[in-house]
Amino acid sequence: SDVCSSDLTGNIKAQDILLTGLEKLEYRGYDSAGIAYFKENGKISIRKTAGKVKDLRAICDDNDATCGIGHTRWATHGGVTNANAHPHKSGSVSLIHNGIIENYHELATTYELEDRLISETDTEVAAALFDKFYDGKNPIEAIKEVIPLLKGSFAFCIMFENRPGVIYAVRNVSPMVAATSKEGSFIASDLTAFIEYSKRYFIVPEYAILTMEADKIDLQDLNGNTIEPEFLEVDWDMTAAQKEGYPTFMLKEINEQPAAINRTIMPRIKDGLPSFEEDGIPDSFFADCSDITIVACGTAMYAGMVGKTLMQDILGIPVTVAIASEFRYERPVITDKSVVIVVSQSGETIDTLEALRLAKTKTNKTLSIVNVKGSSIARESNYVLYTHAGPEIAVASTKAYTVQAAAFYLLTCKLALVQNAMSEADARAFISNLENVSDNIAEVLKLSDKVEQLTKRMLNASHTFFIGRGSDYTLSMEGALKLKEISYIHAEAYAAGELKHGTIALISEGVPVIALATQSHVYNKVISNIREVKARGAYVILLSMDEKITDATICDTHISLPKVPEQFAVFEAVVILQMIAYFTSTGKGLNADQPRNLAKSVTVE
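Numbering-wise, the working numbering puts 578 at position 577 of the sequence shown, and it's gapless, one number per residue.
These aren't lab readings, by the way, just hints derived from the structure by calculation.
This structure is a prediction, so every number in the text was calculated from the model and none was measured.
Any given hint could be a false lead.
Stated by the list, open to error - Straight-line Cα separation of at most 27 Å, DSSO-like style, residue types lysine-lysine; simulated pairs:
| id | residue 1 | residue 2 |
| --- | --- | --- |
| 1 | 200 | 14 |
| 2 | 183 | 374 |
| 3 | 549 | 451 |
| 4 | 361 | 53 |
| 5 | 361 | 374 |
| 6 | 44 | 14 |
| 7 | 183 | 200 |
| 8 | 44 | 200 |
| 9 | 40 | 133 |
| 10 | 451 | 374 |
Please model the entire structure based on the sequences and the hints provided.
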């Protein structure tokens with residue numbers, strides 16, 4: 002399961018804390034939910050159901066339990082059923098699990114567990130295995146025996162029936178954070194579950210066995226040696242993970258982009274030039290660089306496409322963007338002079354993490370662009386650039402995209418200075434334009450009413466096409482992704498010059514086409530391509546920096562973007578594309594924060 006969990010043992014009632022914590026994490030996975038807690042007699046009671054946390058809350062009774070585990074699931078093994086929901090119980094063991102046990106079938110056969118299983122999940126096999134090795138006396142010894150048998154990724158939280166008030170945990174790859182406070186001890190896959198109780202937390206080390214009681218948390222390695230946790234402090238306020246009056250997290254996060262970009266770029270600008278001194282990235286990292294490979298998934302990859310276009314144009318060296326899930330299975334051409342930049346909002350994206358591990362076998366010049374401090378990708382990179390966007394709750398990334406793009410602009414300028422591809426005067430002008438981006442986005446956000454109106458023509462569309470050239474094409478890919486993932490309208494992005502090679506056959510009367518034309522060197526060619534689709538009946542929405550376009554042979558609706566240097570138009574245009582997707586989704590009565598079948602962080606392959 003690619004899922005999230007929220008667990009507590011303490012001095013206050015656990016059930017509401019668990020349910021509230023799961024609701025805060027529901028954006029990460031939400032097709033079933035469940036909790037388990039100790040009753041007064043030391044037995045474990047489980048409540049679970051297919052559906053959302055509100056459905057789970059409806060079947061929970063009032064109880065005084067102060068120790069429990071909770072979980073929401075995004076199905077990977079087995080369908081969406083009550084039986085497949087977590088927690089899973091086998092004998093005296095109840096547990097929840099993030100990740101995938103790849104050898105679950107082999108384990109079930111080898112240890113003769115099949116007759117004990119009632120679900121279709123790999124997780125229940127793990128529960129049965131822990132119970133088989135548990136002697137009723139020493140949970141830690143059972144954990145030590147089982148963990149080496151497991152292949153795959155996992156984060157387990159485990160309760161044993163004769164150990165009331167104690168939760169055990171262990172992980173490999175899948176994220177897990179823990180904290181203690183006067184209310185008790187907490188562990189979760191995401192600290193937003195318990196941030197109101199503690200802003201001081203630690204990342205649970207891989208293959209460390211955690212024992213959690215009301216007033217303490219102990220850590221030991223698989224050999225029994227004590228581990229001292231490394232504590233971190235949350236640097237954002239609790240309100241950052243709340244809607245603050247907005248109807249959805251997505252709309253809130255769209256509007257947070259000016260502030261998020263400023264938090265990302267301003268600490269890295271010194272005397273009008275880019276500086277990564279506080280990030281601990283030396284100039285030598287940028288000096289001897291023959292080529293650049295950018296590795297990411299989804300929206301992060303499309304931010305990388307923006308970075309590629311910019312870097313290749315300014316630096317004049319080869320820049321490749323690789324899909325993280327494909328990277329490991331190709332033969333990437335990387336040398337010790339290659340820079341590898343991995344991008345992930347959560348810092349836990351499993352494909353990106355594994356790609357980073359492969360890259361590190363070939364070069365020491367790895368850099369991660371991530372938003373979550375202490376995340377797996379951040380810890381394993383040679384260097385890390387945090388984007389400081391604050392928590393992003395909506396599944397569809399918005400502010401994560403723009404801060405990642407802004408990070409690429411900073412990196413490009415620094416690389417260009419170190420490699421003498423840009424004069425200091427040009428670099429100062431470049432950074433000055435970057436500093437203006439947040440104000441330009443603030444102006445674009447004022448166009449939301451107009452954008453909402455134009456999306457009314459898209460609500461009944463079955464297909465939508467995005468076209469552009471150069472950086473506008475890379476932007477089109479992100480626009481199409483946003484629209485399809487939250488409105489469920491089939492959307493495709495095409496380089497405008499490719500229309501005649503097949504795509505134009507799909508254009509028919511009324512089909513929406515979102516066209517981008519912000520680059521002067523290809524402007525006339527894009528306008529010609531737009532006329533071609535308009536002549537075939539398309540409903541064309543044009544984004545450009547023209548003040549006004551009244552020619553009906555070009556577009557039906559024109560959105561005039563504030564005039565900026567063309568290299569920086571991507572920030573303005575993407576906000577319009579985000580709003581087109583958002584208002585199309587809400588106009589159809591859909592939940593833009595929680596699109597079907599999608600989870601925020603993909604932590605299983």
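Comparing the hints with the structure gives:
1. Proposed proximity of residue 200 and residue 14 is supported: the alpha carbons are some 20 Å apart, at most 27 Å.
2. With a CA separation close to 24 Å, the supplied pair residue 183 and residue 374 stays within the 27 Å bound.
3. The suggested pairing of residue 549 with residue 451 holds, with an alpha-carbon distance near 15 Å, which does not exceed 27 Å.
4. At most 27 Å may separate the alpha-carbon atoms for a hinted pair to count; residue 361 and residue 53 exceed this at roughly 40 Å.
5. Taking the CA atoms of residue 361 and residue 374, the gap is near 20 Å; set against the 27 Å cutoff, the hint holds.
6. Straight-line distance between C-alpha atoms of residue 44 and residue 14 comes to about 17 Å, which keeps the hinted pair within the 27 Å bound.
7. Between residue 183 and residue 200 the alpha-carbon distance is near 12 Å, which keeps this suggested pair within the 27 Å criterion.
8. In summary, the hint linking residue 44 to residue 200 is not supported, as the alpha carbons are separated by about 32 Å, beyond the 27 Å threshold.
9. Proximity of residue 40 to residue 133 is assessed by CA-CA distance (about 23 Å); at most 27 Å being required, the pair is judged to hold.
10. Restraint check for residue 451 and residue 374: not satisfied, since their Cα atoms lie roughly 38 Å apart, outside the 27 Å limit.
Checked against the numbered hints given earlier, the structure breaks hints 4, 8 and 10 and satisfies all the rest.
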